[in-house]
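Turn these sequences into a full structure, and let the hints guide you.
Taken in order, these protein sequences are the chains called A and B. Be aware that the first sequence starts at 1, since it is given in UniProt numbering, and climbs by one per residue. Be aware that the second sequence starts at 1, since it is given in UniProt numbering, and climbs by one per residue.
What the hints contain is simulated information worked out from the structure, not anything from laboratory work. Hints may be right or wrong, so weigh each one.
[As the list claims (entries may be wrong)] List of simulated lysine-lysine pairs, DSS-like, C-alpha gap at most 27 angstroms:
id : chain 1 : residue 1 : chain 2 : residue 2
1  : B       : 53        : B       : 226
2  : A       : 226       : A       : 100
3  : A       : 53        : A       : 226
4  : B       : 226       : A       : 184
5  : A       : 226       : B       : 184
6  : B       : 100       : B       : 226
Number of protein chains: 2
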Amino acid sequence: MHSLRFTAESSSNGVVERDFLMGEVPGVLWSPAAGADRAPLVLMGHGGGNHKKHPAMTGRARRFVTDGGFHVAVIDAPGHGDRPRTARDEQELAALSEAKAAGRPEGPDARRYSMYLAELAVPEWRAALDSLQELAEIGADGPVGYFGVNLGTAIGVPLVAAEPRITAAVFGLHWPDALAETAKRITVPIEFDLQWDDEDVPREAGLALFDAFASQEKTLHANAGKHHEMPRFETDSAVRFFARHLGRALT
Amino acid sequence: MHSLRFTAESSSNGVVERDFLMGEVPGVLWSPAAGADRAPLVLMGHGGGNHKKHPAMTGRARRFVTDGGFHVAVIDAPGHGDRPRTARDEQELAALSEAKAAGRPEGPDARRYSMYLAELAVPEWRAALDSLQELAEIGADGPVGYFGVNLGTAIGVPLVAAEPRITAAVFGLHWPDALAETAKRITVPIEFDLQWDDEDVPREAGLALFDAFASQEKTLHANAGKHHEMPRFETDSAVRFFARHLGRALT
Numbered sequence: 001m002h003s004l005r006f007t008a009e010s011s012s013n014g015v016v017e018r019d020f021l022m023g024e025v026p027g028v029l030w031s032p033a034a035g036a037d038r039a040p041l042v043l044m045g046h047g048g049g050n051h052k053k054h055p056a057m058t059g060r061a062r063r064f065v066t067d068g069g070f071h072v073a074v075i076d077a078p079g080h081g082d083r084p085r086t087a088r089d090e091q092e093l094a095a096l097s098e099a100k101a102a103g104r105p106e107g108p109d110a111r112r113y114s115m116y117l118a119e120l121a122v123p124e125w126r127a128a129l130d131s132l133q134e135l136a137e138i139g140a141d142g143p144v145g146y147f148g149v150n151l152g153t154a155i156g157v158p159l160v161a162a163e164p165r166i167t168a169a170v171f172g173l174h175w176p177d178a179l180a181e182t183a184k185r186i187t188v189p190i191e192f193d194l195q196w197d198d199e200d201v202p203r204e205a206g207l208a209l210f211d212a213f214a215s216q217e218k219t220l221h222a223n224a225g226k227h228h229e230m231p232r233f234e235t236d237s238a239v240r241f242f243a244r245h246l247g248r249a250l251t
Numbered sequence: 001m002h003s004l005r006f007t008a009e010s011s012s013n014g015v016v017e018r019d020f021l022m023g024e025v026p027g028v029l030w031s032p033a034a035g036a037d038r039a040p041l042v043l044m045g046h047g048g049g050n051h052k053k054h055p056a057m058t059g060r061a062r063r064f065v066t067d068g069g070f071h072v073a074v075i076d077a078p079g080h081g082d083r084p085r086t087a088r089d090e091q092e093l094a095a096l097s098e099a100k101a102a103g104r105p106e107g108p109d110a111r112r113y114s115m116y117l118a119e120l121a122v123p124e125w126r127a128a129l130d131s132l133q134e135l136a137e138i139g140a141d142g143p144v145g146y147f148g149v150n151l152g153t154a155i156g157v158p159l160v161a162a163e164p165r166i167t168a169a170v171f172g173l174h175w176p177d178a179l180a181e182t183a184k185r186i187t188v189p190i191e192f193d194l195q196w197d198d199e200d201v202p203r204e205a206g207l208a209l210f211d212a213f214a215s216q217e218k219t220l221h222a223n224a225g226k227h228h229e230m231p232r233f234e235t236d237s238a239v240r241f242f243a244r245h246l247g248r249a250l251t
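Structure below.
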């Protein structure tokens, strides 16, 4: 098992940002400047083509830390961010570009590539969780949540199904094809985000994936708008969801 | 036009409760004990068989007042609460009881009775809004929202479609049959609550009604559970929805 090796640290507006390496995998841990001790941890999976410090991640992480008082950790998915691309990555990205250029739906290619990445990423996330829980300010027995839409759901569904330490999760914006069977094994509380006018993931596909979760508490949030138009207030909602389930009073 | 006549006043835990009569229609107005001046107003429609001070109303109203700083007004629907029942009311209630006793779905009877009540209730609500806006602490130009599920949606959809003063609304738990055409004329922001395992309103019926709203900003919240199991955190969500749209900072 790799311990985390911190490589950089900065702080602004009440949020401490620490870059780390876990073996070859780069990640970032955001924490409250005050009150971080034994705060709950939210693992956050980034979207396809993004990376650990994409604005969608840094913006959400800041809200999670300042409004919820959580630690937030993101690692680069294989072939993403600061990680090298393999021949397979290049091949898959070329297929995605071709589909886009030809005006074909990206779905079939995106699903295949996501499933490939998930197989690699799930053990990385579980190892990262081991290492993060070695940190005194997180600890081995604290509550853990997972947030990830898009590719973050493709990786997150098998991760949460396999990982009993994760007790609440926010998913969304993905097809049921390869995930619904796995989702049937998930029983922790779920918030699921869907875009009502998604041009990539048909409405019925999103509803079918939401339906598959076995969770007794599950909530679907469907917003008018296209795939990339998920409203910012869903981040606020996710903070409140994690505060309810990870036992943190809101600041 | 009838002015409001206040008939009783009490106060507890920061909430002032005033019973009123508007002509023959009884209602209640809850307001913050401090900071009530020109606070936004939320009109709240109660469910079928309920009344203005059913616990589902008083509990929600208290959260709206203390967490959102809003005024909240509820009036009894025709034939409900402190209002006399007509022969038609008795007939409709008997039909509903019969359906229930026979194990038949209540839907057809509930829809017919709701539509009848909505025709009477919409002009009452508009008159109540006139009267409420005469109060100095509300005023004629302040923001107004509407919250109502169940019968509150059967009345609220035609009310919001007809009433330009209402600029944000929470609806849910109703069939599209008599409402979808009217919903197509509504363009204000909407939050719509649906129960994923509703034994009265089929899932597809709820989704169809949500789909009908013409609003550019609309959000569906679908929760696992039966018709009467809408989770309490949806009240918290409604407070935040109205805070966004009625321009009130959260307390």
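Here is what the structure says about each hint:
1. The suggested pairing of residue 53 (chain B) with residue 226 (chain B) holds, with an alpha-carbon distance near 23 angstroms, which does not exceed 27 angstroms.
2. For the given pair, residue 226 (chain A) sits about 16 angstroms from residue 100 (chain A) by alpha-carbon distance, which is consistent with the 27 angstroms threshold.
3. For the hint pairing residue 53 (chain A) with residue 226 (chain A), the CA-to-CA distance comes to about 23 angstroms; that is within 27 angstroms, so the pair holds.
4. With a CA separation close to 20 angstroms, the supplied pair residue 226 (chain B) and residue 184 (chain A) stays within the 27 angstroms bound.
5. Note on residue 226 (chain A) and residue 184 (chain B): the hinted pairing holds, with a Cα-Cα distance of about 20 angstroms set against a maximum of 27 angstroms.
6. Of the pairs offered as hints, the one joining residue 100 (chain B) and residue 226 (chain B) holds, with about 16 angstroms between alpha carbons and a cut-off of 27 angstroms not exceeded.
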